[in-house]
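K.L.:
Dock chain G with the ligands against the given chain D, drawing on the hints supplied.
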Amino acid sequence: MTDTVAPRLRSVANGAKSSCFALSERQREALTGYLFILPLFLGAAVLFFYPILRSFELSFMQTGVFKGETFVGLKHYRHLMDDPKMWQAMVNSMIYALVGLLEVPLAIFFASLLNTPGLRFLSFYRVLFFLPVVTMPTAVGMVWQLLYNVDYGPINQGLALAGFPPVSWLTQPVIVIVAVAAVGIWSGLGQSIILILSGLQTVPPDLHEAAEMDGAGPLQRFFRITLPMISPTIFLVAVLNVIKSLQVFDLIYIMVGPKNPVFDQAQTIVTYFFEVGFVEHDRGYAAAIVISLLAMIMMVTGLQFYLQKKWVHYG
Amino acid sequence: MMGNIVLSKVKKSFGPVTVIPQVDLDIADGEFVVFVGPSGCGKSTLLRLIAGLEDTTSGSIMIDGRDVTDEAPAKRKLAMVFQSYALYPHMTVAKNIAFPLRMAGESADVIDKKVKDAARVLNLTNYLERRPGQLSGGQRQRVAIGRAIVRQPTAFLFDEPLSNLDAALRGTMRLEISELHQQLKTTMIYVTHDQVEAMTMADKIVVLNAGNIEQVGSPMELYQTPKNLFVAGFIGSPKMNFIEGAAAAKQGAKTVGIRPEHIAISTTAGDWRGKVGVAEHLGSDTFIHVQTEEHGTINVRAGGDVVVRNGDSVYLTPDVKRLHRFGSDGNFMRPHAGFHLAD
Ligand SMILES: Nc1ncnc2c1ncn2[C@@H]1O[C@H](COP(=O)(O)OP(=O)(O)OP(=O)(O)O)[C@@H](O)[C@H]1O
Ligand SMILES: [Mg+2]
Chain D
1 MTDTVAPRLR
11 SVANGAKSSC
21 FALSERQREA
31 LTGYLFILPL
41 FLGAAVLFFY
51 PILRSFELSF
61 MQTGVFKGET
71 FVGLKHYRHL
81 MDDPKMWQAM
91 VNSMIYALVG
101 LLEVPLAIFF
111 ASLLNTPGLR
121 FLSFYRVLFF
131 LPVVTMPTAV
141 GMVWQLLYNV
151 DYGPINQGLA
161 LAGFPPVSWL
171 TQPVIVIVAV
181 AAVGIWSGLG
191 QSIILILSGL
201 QTVPPDLHEA
211 AEMDGAGPLQ
221 RFFRITLPMI
231 SPTIFLVAVL
241 NVIKSLQVFD
251 LIYIMVGPKN
261 PVFDQAQTIV
271 TYFFEVGFVE
281 HDRGYAAAIV
291 ISLLAMIMMV
301 TGLQFYLQKK
311 WVHYG
Chain G
1 MMGNIVLSKV
11 KKSFGPVTVI
21 PQVDLDIADG
31 EFVVFVGPSG
41 CGKSTLLRLI
51 AGLEDTTSGS
61 IMIDGRDVTD
71 EAPAKRKLAM
81 VFQSYALYPH
91 MTVAKNIAFP
101 LRMAGESADV
111 IDKKVKDAAR
121 VLNLTNYLER
131 RPGQLSGGQR
141 QRVAIGRAIV
151 RQPTAFLFDE
161 PLSNLDAALR
171 GTMRLEISEL
181 HQQLKTTMIY
191 VTHDQVEAMT
201 MADKIVVLNA
211 GNIEQVGSPM
221 ELYQTPKNLF
231 VAGFIGSPKM
241 NFIEGAAAAK
251 QGAKTVGIRP
261 EHIAISTTAG
271 DWRGKVGVAE
281 HLGSDTFIHV
291 QTEEHGTINV
301 RAGGDVVVRN
311 GDSVYLTPDV
321 KRLHRFGSDG
331 NFMRPHAGFH
341 LAD
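Read top to bottom, the protein sequences are chains D and G. For the first sequence, counting from 1, position 151 maps to 151 in our numbering; every step adds exactly one. For the second sequence, counting from 1, position 278 maps to 278 in our numbering; every step adds exactly one.
Just chain D, with the same shape it has in the complex (with noise of 0.2 Å):
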């Protein structure tokens, strides 16, 4: 009885109060919860909102350096359906992103062994692995360039010693891509280890004990209960790792670059953004270019939503 009574209570004590505003308990709460979020709000506003709106809008603009903007509607978007550069960008986008989810078992695996129990120096490791994660991609690039380099690279070098032929890692369609991706995944590797590192923390102890009672040996406990467990953290993984893989641009960009003679076949639809936008300084081609990528992102996400439902569990 008295739980329902004192909400009302208290509602009949602070009457006097709220009259002079007309608001109900309710709705100051409402309007104080929006109070809170409003800086939060008008950030995501001028960052955000403002720059997608404004690229949506010149997606359907025609731009030049000297003039201004003409409305030529779909123009742009007609354009993209047949611009072969655009269509190679998205391609290899797509296998960057692809080999990219390779980055998702592989911090799974690393995970797993930092999760040993009593393993020492974990946080050691931790530095270790977050180490290229917060090393600058143009550094990154770099090191790597010389690391993939045809004639005199530890990498062919490695591969001669196997008795393999040399490898023209950055100069050949489709490899170039992958080998971008594979350093990809090498810098983002720690960040994604230190996420399931936290899934798989919250896995219960009882739950192994359990399921060791019950006859699973490691690799079933790994297979029936700590993956599905972990399943909701690995799907929010794979879908970062995707969307970044999307907007990858900065390591294609130093470890191809525009003097590449395959750069034009090494395009991302970031780069080719780039090229479009600020190199050929067709601003309105460029935005219809960032807004399809950005189409691209959400059906992707979405689609990965859509699948999760197939594999993912919440406890």
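Simulated from the structure, these hints should not be mistaken for lab results. Each statement offered as a hint is correct.
Result set (PhoX-like, lysine-lysine): computed pairs, CA atoms no more than 25 Å apart in a straight line: (1) G:95 x D:309; (2) D:309 x D:244; (3) G:185 x G:77; (4) D:310 x G:95; (5) G:75 x G:114; (6) G:204 x G:239.
P.N.:
Then chain G with the ligands, alone, in the frame of chain D:
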């Protein structure tokens, strides 16, 4: 399948900390054994040693005459019910119960039948397709028990399985587990710190204190003839009264113990005089805390019809035949002829 379990000289240390110095224990096939003791005394550790979830530091564990000290948990053919239930949250009730069978490589038909049978016994038939998160505490408990029974283990291990349930449900589940034991006649080892569970369910109670076994015996043995002060104080609720000093010395003992239910209370005459402090009326019983002149606070358990109030003057008379005498080492002393407490 037999389920007798023998621990010899079992010791367990975590690094420099010895939790169980040395335990020898014999558990007969089909027995319901309860481990009791204060928090942190090593009950769970001992259970986990038997389960194989912890390695023994030294000593050996035998199940059915087979040395299992170094065997993996699954090979020991024991089933454990955890305090947290440890149900697999991503699996349905049916899959949870089926899990040990699948791990054992049983065929789908056998699994299906066994799961259905277990569900029927445990009243879970309507919940088989639910996830553990959609069940009540009592239902989860039953799923955990179901997962344990389908494997037909040599023994069941329970670690405070009822402590997350409310009092009423605890009562029901206590009965269900006892009935299960009567049906299956499988060895059960049950950890609890609940007096009632220990007294009502056990064939044999093992009282632990700081990793040592203080006494092993049937509930009535422990109640009637506690071997030492610790067991005397631990078994029985409300606790046994202890009297030291001259009155005890008169009995040739360091300490004399008398259970609250073995003291008669009267408003007119008796051995000890005192004033009523708090009187707890439980309906069937009345717990009365009496402030006596000679012996401090004495707890008395009287019938539900006894009406006394705070501040009333009362007289207490202990039943001398039921006195427990303890020596300076805290151990039980045999009664000698004609001893008497109040002269
Ligand atoms: N993994 C461990 N490492 C170190 N010490 C431990 C470990 N597990 C248990 N202990 C210690 O061993 C002692 C016994 O613990 P245990 O869990 O067996 O007690 P318990 O009798 O089950 O207590 P409770 O009634 O509170 O469950 C405690 O002092 C505890 O701190
Ligand atoms: Mg415990």
